[in-house]
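Protein chains in written order, with my numbering: chain V, 1 to 208; chain L, 1 to 169.
Check the hints yourself; a few may be wrong.
[Unchecked claim] Computed footprint of chain V on chain L, listed as stretches where at least three residues anywhere in the stretch have a Cβ under 8 Å from a Cβ of chain V:
| hint | region |
| --- | --- |
| 1 | 60 to 70 |
| 2 | 94 to 106 |
| 3 | 126 to 138 |
| 4 | 152 to 159 |
[Unchecked claim] Covered stretches of chain L, going by a simulated chain V footprint (3 or more residues, C-beta under 8 Å):
| hint | region |
| --- | --- |
| 5 | 15 to 27 |
| 6 | 74 to 86 |
Quick caveat, the hints were computed from the structure, so don't treat them as lab data.
The beta-carbon is built from N, C-alpha and C at its ideal position, and this holds for glycine as well.
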Amino acid sequence: MAVTKVSNSGIKTGVLKYDSMLAGNAAYDPAATWLIQRVNGTGSSNTITFSSIPTGYTSLQLRILYKDTSTTDYTVMNAPINLRFNSDTAQNYRAHILYGTGSSALANDSGTGFTALPVYGCYMSSGATFANMMGVSIIDIHDYNSTTRNKTIRNFAGNDGNQSSANRAVTLSSGVWLSTAAVTSITILSAATNFTSTTSIALYGMKG
Amino acid sequence: MPDTSTEVALATTTLGANAATITLSSIPSTYTDLRVVLTGTIANGSGNTIYLRFNSSATNTYSTTRMYGDGTGAYSSRYNSGVDTRQYVTEYVYSVPYLTCINVFSYAGSTHKSTLIESSFYDSAGQGKAERTAGLWQDTSAINTITFSLNGSVARFASGTTATLYGIL
Numbered sequence: 001m002a003v004t005k006v007s008n009s010g011i012k013t014g015v016l017k018y019d020s021m022l023a024g025n026a027a028y029d030p031a032a033t034w035l036i037q038r039v040n041g042t043g044s045s046n047t048i049t050f051s052s053i054p055t056g057y058t059s060l061q062l063r064i065l066y067k068d069t070s071t072t073d074y075t076v077m078n079a080p081i082n083l084r085f086n087s088d089t090a091q092n093y094r095a096h097i098l099y100g101t102g103s104s105a106l107a108n109d110s111g112t113g114f115t116a117l118p119v120y121g122c123y124m125s126s127g128a129t130f131a132n133m134m135g136v137s138i139i140d141i142h143d144y145n146s147t148t149r150n151k152t153i154r155n156f157a158g159n160d161g162n163q164s165s166a167n168r169a170v171t172l173s174s175g176v177w178l179s180t181a182a183v184t185s186i187t188i189l190s191a192a193t194n195f196t197s198t199t200s201i202a203l204y205g206m207k208g
Numbered sequence: 001m002p003d004t005s006t007e008v009a010l011a012t013t014t015l016g017a018n019a020a021t022i023t024l025s026s027i028p029s030t031y032t033d034l035r036v037v038l039t040g041t042i043a044n045g046s047g048n049t050i051y052l053r054f055n056s057s058a059t060n061t062y063s064t065t066r067m068y069g070d071g072t073g074a075y076s077s078r079y080n081s082g083v084d085t086r087q088y089v090t091e092y093v094y095s096v097p098y099l100t101c102i103n104v105f106s107y108a109g110s111t112h113k114s115t116l117i118e119s120s121f122y123d124s125a126g127q128g129k130a131e132r133t134a135g136l137w138q139d140t141s142a143i144n145t146i147t148f149s150l151n152g153s154v155a156r157f158a159s160g161t162t163a164t165l166y167g168i169l
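For reference, chain V alone in the conformation it holds in the complex (with noise of 0.2 Å):
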């Protein structure tokens, strides 16, 4: 039947007028969290770099699956992988750290000098008692585009070696980058010899 007229006449009073088109219909929930970049190891390099890192977030988030290549095996506080922002080489970073062993909680200073963030807590050597075994972490860098404060890091990551004493703790830390500038690229460095083939790490974008 073809419509030859529209007319009101016939509309109950009452019906509901909406100024917005989400009336009756689910509110509309915005995305929080989206996949920036996800890079894998090689096996045959120590650096991993996220470059042209967009504006549009409030945060940023690394989730990282490391294991190195380098058979030797360390406690927390002696293979830290490595962030440095924007390529900045000078000794701008410094990290505290508290972090459980199995056996005790202990805190440390990082100190001074570095050249890059030293992040704690993820490193899982080659070693064949840890075949098949990574180390995680989740690191969150917070108001990543401001232009007038330093950039503030949380890390928390974690290790379970199983029965040895190594390549084993929980890990809770804080981290400083001492630079107003928006942070553009992270390079990502290993804490021994080189990234596995197996590791991954995927950047993500915050909001809210």
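Fit chain L to the known structure of chain V by using the hints.
Here is chain L on its own, set in the frame of chain V:
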């Protein structure tokens, strides 16, 4: 910039009655990591620990390194895979609300033994605990089920307890 979130709520379970276990099953393999948020209270007071098992595995394949502070000191201790047939998650106090957040990395592959890091908290204005753990499941199987349980034969997750599972691309 992608227009969809890379962290997706996959399932939420809210208990309508007290229960001895909470199971998150049929976990899809399409994500990189998992995050589980467990919050609630414990009804019946004979136990003090929350555990989990992956894929219902009850073999001696779980180990944990933990660190915690309770207002009087900071401590660290271990649970070893030679003994434990389930993954330690956290301690609780009867009827005191707790919050636990667990990140499980690379859960869907068959290459890595699964590593998790977890943070838990409770506070009852007089006793409280902040805890972080690192855990290892010595199995390279993809994880498709997570089951939470308690120690003690009569301890129960209280009605209203909520477990939410997120997938992270």
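Hint by hint, here is what the structure shows:
no. : hint       : verdict
1   : 60 to 70   : holds (count 7)
2   : 94 to 106  : holds (count 3)
3   : 126 to 138 : holds (count 6)
4   : 152 to 159 : violated (count 0)
5   : 15 to 27   : violated (count 0)
6   : 74 to 86   : holds (count 8)
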